[in-house]
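If you read the sequences in order, they're chains A and B.
Quick note: the first sequence, position 166, residue 561 per my numbering, numbers continuous.
Quick note: the second sequence, position 122, residue 517 per my numbering, numbers continuous.
Careful, some of the hints might be misleading.
Same chains, same label: a pair holds when it works inside one copy or across any pair of copies.
What the hints assert, rightly or not - The calculated lysine-lysine pairs, modelled on DSS-like cross-linking and capped at a C-alpha distance of 27 Å, are:
1) K485 to K553
2) K544 to K461
3) K523 to K483
4) K563 to K544
5) K406 to K485
6) K508 to K428
7) K425 to K461
8) K406 to K483
9) K406 to K507
10) K483 to K553
11) K563 to K508
12) K429 to K406
13) K544 to K426
14) K507 to K544
15) K448 to K544
Honestly, the hints are just simulated from the structure, not real lab data.
2 protein chains.
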Amino acid sequence: MLNTLRTHIEKLVPLTDEEFALVSSYFTAKKYKKHQFLIQEGEDVHYNYFVVKGLLKLVYTDESLKEYIVGFAMEDWWESDFQAFYTKTKATMSLECVEDTEVLCLQLDDYKKLCAALPKIEHFFLEKAYFGFIAAQQRIISTMTSSIKERYNQLLEKHPSLIQRVPKSLLAAYLGVSRETLSRLSS
Amino acid sequence: MLNTLRTHIEKLVPLTDEEFALVSSYFTAKKYKKHQFLIQEGEDVHYNYFVVKGLLKLVYTDESLKEYIVGFAMEDWWESDFQAFYTKTKATMSLECVEDTEVLCLQLDDYKKLCAALPKIEHFFLEKAYFGFIAAQQRIISTMTSSIKERYNQLLEKHPSLIQRVPKSLLAAYLGVSRETLSRLSS
């Protein structure tokens with residue numbers, strides 16, 4: 396599992412064996428079954444999760460208990476309720492397994508210690524946050540300017556393997572359409 | 396102008412006079428008149444802009460020349476076409492003055508040099524990028540789950556001074572409604 400993390404980090408910053416030993420000492424490995432929760436709305440958020448294997452959904456539930464999928468995370472993606480994680484407030488979203496999932500978990504205090512000890516890793520997280528921001532902004536633009544059909548096609552182009560793995564009902568909840576509308580678009 | 400930048404950075408990381416002298420040596424001050432462009436779609440993006448005074452709009456224009464407001468930036472905000480800036484590609488958005496505006500400009504190479512020279516500043520930009528990502532994600536959730544009326548009220552609560560300064564036609568383009576619909580909501 397740790398090799399996956401090393402390969403992932405080294406796409407942006409090279410590490411010596413010693414540096415990676417330091418990095419990996421801050422992570423804990425966990426395994427979850429399909430339908431298990433990593434984060435539950437209203438509870439503390441202990442970790443930022445790096446997905447080694449599997450598929451997660453980040454879900455916002457409104458007052459009428461309608462579920463909205465804010466995002467998916469699969470291999471090589473980081474996921475959490477980032478606001479709650481970073482500000483040590485209660486989760487406003489839940490994070491749940493769509494498939495059996497293996498993650499590496501990083502606590503906030505350890506994240507801060509690691510960044511302070513190894514500026515390379517702070518640089519790595521800056522790149523991740525920067526491109527996370529850009530991706531979120533592009534999703535905002537896409538939602539403003541594109542039809543559901545165009546957004547489905549953009550998703551298919553950017554993340555073809557995600558579309559294959561995610562059940563159609565969840566994909567519909569992510570795009571904000573009914574299951575029936577999605578079937579017409581994707582057929 | 397530079398004092399504004401120092402106060403802004405020191406909300407997150409304290410700086411010695413020597414450190415701030417280094418930081419400020421990388422910035423160039425510029426002034427623009429209302430309606431002038433800082434970034435034009437299709438052209439190079441030379442800078443990340445810190446707004447000292449004034450108001451900017453970040454605009455995406457679709458194929459039929461319809462304009463969508465991706466965001467506003469006023470005092471103490473950073474703005475650019477961040478993807479184009481960071482990847483040295485052509486702008487896909489434009490950045491234009493809604494009011495006469497004073498900015499401090501940071502080039503990409505200087506940004507990288509500054510982060511390498513002063514890890515505190517890299518930490519500052521990580522915090523900015525992290526909370527920029529969280530704000531963008533919350534806007535996505537708000538767009539998915541809230542009515543236009545609710546989104547108008549959220550904006551009013553978060554940025555009351557922005558609502559007062561932005562012309563109603565631009566606010567409508569930001570919220571994705573007609574000028575008439577916005578008038579009904581805000582009356």
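* Asked: Are the CA atoms of K406 and K507 at most 27 Å apart within a copy, between copies, both, or neither?
  -> Both: 21 Å inside a copy, 18 Å across copies.
* **Same-copy or cross-copy closeness of K483 to K553 [CA-CA at most 27 Å]** => Result: close only across copies, 21 Å inter versus 33 Å intra.
* Under a CA distance limit of 27 Å, which applies to K507 and K544: within one copy, between copies, both, or neither? -> So K507 and K544 fail the 27 Å test inside a copy (42 Å) and across (39 Å) alike.
* Asked: Between the shortest in-copy and the shortest cross-copy C-alpha distance, which are at most 27 Å for K563 and K544: within, between, both, or neither?
  -> Within one copy only: 14 Å inside a chain, 31 Å across chains, cut-off 27 Å.
* To do: Check K448 against K544 for me: Cα-Cα at most 27 Å, and say if that holds within a copy, between copies, both or neither.
  => neither (29 Å within a copy, 41 Å between copies)
* To do: Measure nothing new, just compare the shortest in-copy and cross-copy C-alpha distances for K563 and K508 to 27 Å and report within, between, both or neither.
  => neither (41 Å within a copy, 46 Å between copies)
* Intra/inter-copy verdict for K523 and K483 if alpha-carbon distance must be at most 27 Å -> both (21 Å within a copy, 17 Å between copies)
* **Copy assignment of K429 with K406, given that the CA separation must stay at most 27 Å** => Classified as neither; 29 Å inside a copy, 43 Å across copies.
* Identical-chain pair category, K406 with K483, by Cα at 27 Å -> So K406 and K483 pass the 27 Å test across copies only (19 Å; inside, 30 Å).
* Identical-chain pair category, K544 with K461, by Cα at 27 Å -> Answer is both; intra-copy 23 Å and inter-copy 19 Å each pass.
* Are the CA atoms of K425 and K461 at most 27 Å apart within a copy, between copies, both, or neither? -> neither (29 Å within a copy, 48 Å between copies)
* Asked: Is the C-alpha distance from K485 to K553 at most 27 Å within one copy, between copies, in both cases, or in neither?
  -> Cα proximity of K485 and K553: across copies only (20 Å, versus 32 Å in one copy).
Hint compliance for this structure: hints 6, 7, 11, 12, 13, 14, 15 are not met, and every other hint is.
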